[in-house]
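Peer 1: In order, the protein sequence lines correspond to chains A and B. Oh and the first sequence: position 132 is 132 in the working numbering, straight run, nothing missing. Just so we're on the same page, the working numbering is the position in the second sequence counted from 1, plus 291.
Just so you know, the hints here were simulated from the structure itself, not pulled from any lab data. A virtual CB, placed ideally from N, CA and C, is assigned to each residue, including glycine. Treat each hint with caution, since some may be false.
Unchecked claim - DEER-style ranges, computed between Cβ atoms:
#1 B:338 to A:248: 18 to 24 Å
#2 B:339 to A:273: 58 to 64 Å
#3 A:273 to B:504: 51 to 57 Å
#4 A:51 to B:352: 57 to 63 Å
#5 B:453 to A:157: 22 to 28 Å
#6 B:342 to A:107: 42 to 48 Å
#7 A:279 to B:338: 44 to 50 Å
#8 B:338 to A:157: 54 to 60 Å
#9 B:339 to A:162: 49 to 55 Å
Claimed, not checked - Below are the DSSO-like pairs computed for lysine-lysine, each with C-alpha atoms no more than 27 Å apart in a straight line:
#10 A:64 to B:348
#11 A:214 to B:492
#12 A:57 to B:505
#13 B:492 to A:57
To be verified - Partner residues are not named here, just some residues of chain A that face chain B (Cβ under 10 Å, in silico):
#14 33
#15 177
#16 277
#17 279
2 protein chains.
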Amino acid sequence: MRRHRRRPSSEFGSDSEADEAAGTMKCVSCRDEYEPRDAGTCRECYEEASETEEELKREIEDLKSKVSFLRFWTPFDHYHHRSTPCFSDIVLVASDDDSGKPASNPVPVSAHKAVLAFTANEFEGVPLSLTMSNWLASRSPVFRAMLENEMEESLSGTIKISDVSYDALRAFVNYLYTAEACLDEQMACDLLVLAEKYQVKHLKTYCEKFMVSKLNWESALVNYAFAHQHNAKNLLDAALSLIMDNMDKLSKREEYMELVEKDPRIVVEIYEAYLSKQVNTAAHKDSPSKS
Amino acid sequence: MRRHRRRPSSEFGSDSEADEAAGTMKCVSCRDEYEPRDAGTCRECYEEASETEEELKREIEDLKSKVSFLRFWTPFDHYHHRSTPCFSDIVLVASDDDSGKPASNPVPVSAHKAVLAFTANEFEGVPLSLTMSNWLASRSPVFRAMLENEMEESLSGTIKISDVSYDALRAFVNYLYTAEACLDEQMACDLLVLAEKYQVKHLKTYCEKFMVSKLNWESALVNYAFAHQHNAKNLLDAALSLIMDNMDKLSKREEYMELVEKDPRIVVEIYEAYLSKQVNTAAHKDSPSKS
Numbered sequence: 001m002r003r004h005r006r007r008p009s010s011e012f013g014s015d016s017e018a019d020e021a022a023g024t025m026k027c028v029s030c031r032d033e034y035e036p037r038d039a040g041t042c043r044e045c046y047e048e049a050s051e052t053e054e055e056l057k058r059e060i061e062d063l064k065s066k067v068s069f070l071r072f073w074t075p076f077d078h079y080h081h082r083s084t085p086c087f088s089d090i091v092l093v094a095s096d097d098d099s100g101k102p103a104s105n106p107v108p109v110s111a112h113k114a115v116l117a118f119t120a121n122e123f124e125g126v127p128l129s130l131t132m133s134n135w136l137a138s139r140s141p142v143f144r145a146m147l148e149n150e151m152e153e154s155l156s157g158t159i160k161i162s163d164v165s166y167d168a169l170r171a172f173v174n175y176l177y178t179a180e181a182c183l184d185e186q187m188a189c190d191l192l193v194l195a196e197k198y199q200v201k202h203l204k205t206y207c208e209k210f211m212v213s214k215l216n217w218e219s220a221l222v223n224y225a226f227a228h229q230h231n232a233k234n235l236l237d238a239a240l241s242l243i244m245d246n247m248d249k250l251s252k253r254e255e256y257m258e259l260v261e262k263d264p265r266i267v268v269e270i271y272e273a274y275l276s277k278q279v280n281t282a283a284h285k286d287s288p289s290k291s
Numbered sequence: 292m293r294r295h296r297r298r299p300s301s302e303f304g305s306d307s308e309a310d311e312a313a314g315t316m317k318c319v320s321c322r323d324e325y326e327p328r329d330a331g332t333c334r335e336c337y338e339e340a341s342e343t344e345e346e347l348k349r350e351i352e353d354l355k356s357k358v359s360f361l362r363f364w365t366p367f368d369h370y371h372h373r374s375t376p377c378f379s380d381i382v383l384v385a386s387d388d389d390s391g392k393p394a395s396n397p398v399p400v401s402a403h404k405a406v407l408a409f410t411a412n413e414f415e416g417v418p419l420s421l422t423m424s425n426w427l428a429s430r431s432p433v434f435r436a437m438l439e440n441e442m443e444e445s446l447s448g449t450i451k452i453s454d455v456s457y458d459a460l461r462a463f464v465n466y467l468y469t470a471e472a473c474l475d476e477q478m479a480c481d482l483l484v485l486a487e488k489y490q491v492k493h494l495k496t497y498c499e500k501f502m503v504s505k506l507n508w509e510s511a512l513v514n515y516a517f518a519h520q521h522n523a524k525n526l527l528d529a530a531l532s533l534i535m536d537n538m539d540k541l542s543k544r545e546e547y548m549e550l551v552e553k554d555p556r557i558v559v560e561i562y563e564a565y566l567s568k569q570v571n572t573a574a575h576k577d578s579p580s581k582s
């Protein structure tokens, strides 16, 4: 990169040079005058940075169009257009209880074995080129095992999903086709449970991100217990650190008493985490007097 | 945003203030010293810009993982793993001539009707939420018409692709599953032809971009004729402007003579474009003396 020439500060003349005398200049971005102490970048670096930003935006546009090309047409669209077949070869049925018995008058959700079972790869979200290792990957390894091994579900052409509402099942299948879901707190919980059960890692991460973004002190304990139950590491850590910032209020909460009743080991883990944090950081917070 | 306080440039003291006296400062990016005339941004704007860049990079990571989730597992992977079924319900066969007769011992390419025919949407690459309009969209409207209308291809379960090599067909089907293709000049041409024939807009754009990037004066005329034949607007424009920058050399080229023989109307269009450009911009270039 060109080095900036230095001139003896004696030879002044034009207006801009008068500014130099005053040691002030204009920011090309916010147009504010600023002083050397507030200096950011030189013009060259500013222009390079702008180019980089443009490149990143172009890459984002390319990826968006790639997503919209790959994003699948869900069978639901066919409900509006029965004239057009969707070549679906499997149906999923929601059953409200754990027995797997279908709910009264369940609406079947039609789908494609190939979509439920296969995807190119989702290893840490890094796209791989086509390699032998791809065959390991799957949108849902669980569905894939069901369908490949000609288990009951594959033969009967029906997969019963127990303990889930029709809306959640529909949103779940829709996600497998589109990688999109419209979440609220309840739906995020329902989908995370399904994602955990059927090992759809991408959806699980998606729900966890949403739940972490909604996390607050009021909901921290419930979310901590939920994350514990469904191995949601990110949600667990976020909830735990929120709890540890409010240890003094912890034991007063109703959910706390319930949790001590229901699953005391989880409560113990909170205190253990808090204590080890104190030891490690030699924090100057009050120790939990109520423990 | 905080306004930068200005101080009378008289009260100097510390080292950095001595710099102010000299009217020089360090760029936080390249660490170069620069003068007010080379000023880029103030520190605040520099920090904001850095944050924006980080956000864009995060968005790119999210989109990449979305692509790798949606990206389909191609049937080719099964050739290595015959143990695992891929639930394919259609095969494509390459035939070398236009008659559609299969080539001697053609290797069938197995695929899924649902993948060939359907995708959520690819309207200008802007992802739509699930709407009625989605049913209009398709990876290939042509395949979709074949398969939905129970034409011969759908009933026989075989689609004959005429006038294409096995490698090109395989790359074409692979793109429908993965939105990825490994291109060289020849493959880009072959895939663009298939993309045009089966109306796979996303692939056509992809090939055009590649061909434009490889464009030079030597290949401009051939590419121009090719783009003309296959309605590749971007490639056409790029090739035409390259040709118009070299009008003086145009008529000496062998491809030019061939083109005058084969399709003189295309050559006429070049001259028309050149002339109207001259009129519009009143360009000072030499007019094509050989025309």
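Peer 1: Taking the hints in turn, state whether each one holds.
Peer 2: Tested hints:
1. At roughly 35 Å, the beta-carbon separation of residue 338 of chain B and residue 248 of chain A lies outside the given 18 to 24 Å, and the hint is violated.
2. Residue 339 of chain B and residue 273 of chain A have their C-beta atoms about 36 Å apart, which leaves the hinted 58 to 64 Å range violated.
3. At roughly 54 Å, the beta carbons of residue 273 of chain A and residue 504 of chain B sit within the given window of 51 to 57 Å.
4. Taken as a hint, the range 57 to 63 Å is violated for the pair residue 51 of chain A and residue 352 of chain B, whose Cβ atoms sit roughly 21 Å apart.
5. Taking the beta carbon of each, residue 453 of chain B and residue 157 of chain A are about 36 Å apart, not inside 22 to 28 Å as hinted.
6. In this structure the hint that residue 342 of chain B and residue 107 of chain A lie 42 to 48 Å apart at CB holds, the actual value being about 46 Å.
7. Our hint of 44 to 50 Å for residue 279 of chain A and residue 338 of chain B is violated, since their Cβ atoms are close to 36 Å apart.
8. Separated by about 58 Å at the C-beta atoms, residue 338 of chain B and residue 157 of chain A satisfy the suggested range of 54 to 60 Å.
9. Separated by about 50 Å at the C-beta atoms, residue 339 of chain B and residue 162 of chain A satisfy the suggested range of 49 to 55 Å.
10. For the hint pairing residue 64 of chain A with residue 348 of chain B, the CA-to-CA distance comes to about 14 Å; that is within 27 Å, so the pair holds.
11. The hinted pair formed by residue 214 of chain A and residue 492 of chain B fails the criterion: a straight-line CA distance of about 39 Å is larger than 27 Å.
12. With a C-alpha separation of about 23 Å, the suggested pair residue 57 of chain A and residue 505 of chain B falls inside the 27 Å cut-off, and the hint holds.
13. About 21 Å separates the Cα atoms of residue 492 of chain B and residue 57 of chain A, which keeps this hinted pair within 27 Å; it holds.
14. At a threshold of 10 Å, the smallest CB-CB gap from residue 33 of chain A to chain B is about 6 Å, leaving the interface hint in force.
15. For residue 177 of chain A, the suggested interface contact is upheld, since its CB lies about 7 Å from the closest CB of chain B, less than 10 Å.
16. Violation of the interface hint for residue 277 of chain A is found here, the shortest Cβ-Cβ separation to chain B being roughly 28 Å, above the 10 Å cut-off.
17. Hint status for residue 279 of chain A: violated, given a least beta-carbon distance of 33 Å to chain B, over 10 Å.
Going through the hint list in order, the structure does not satisfy hints 1, 2, 4, 5, 7, 11, 16, 17.
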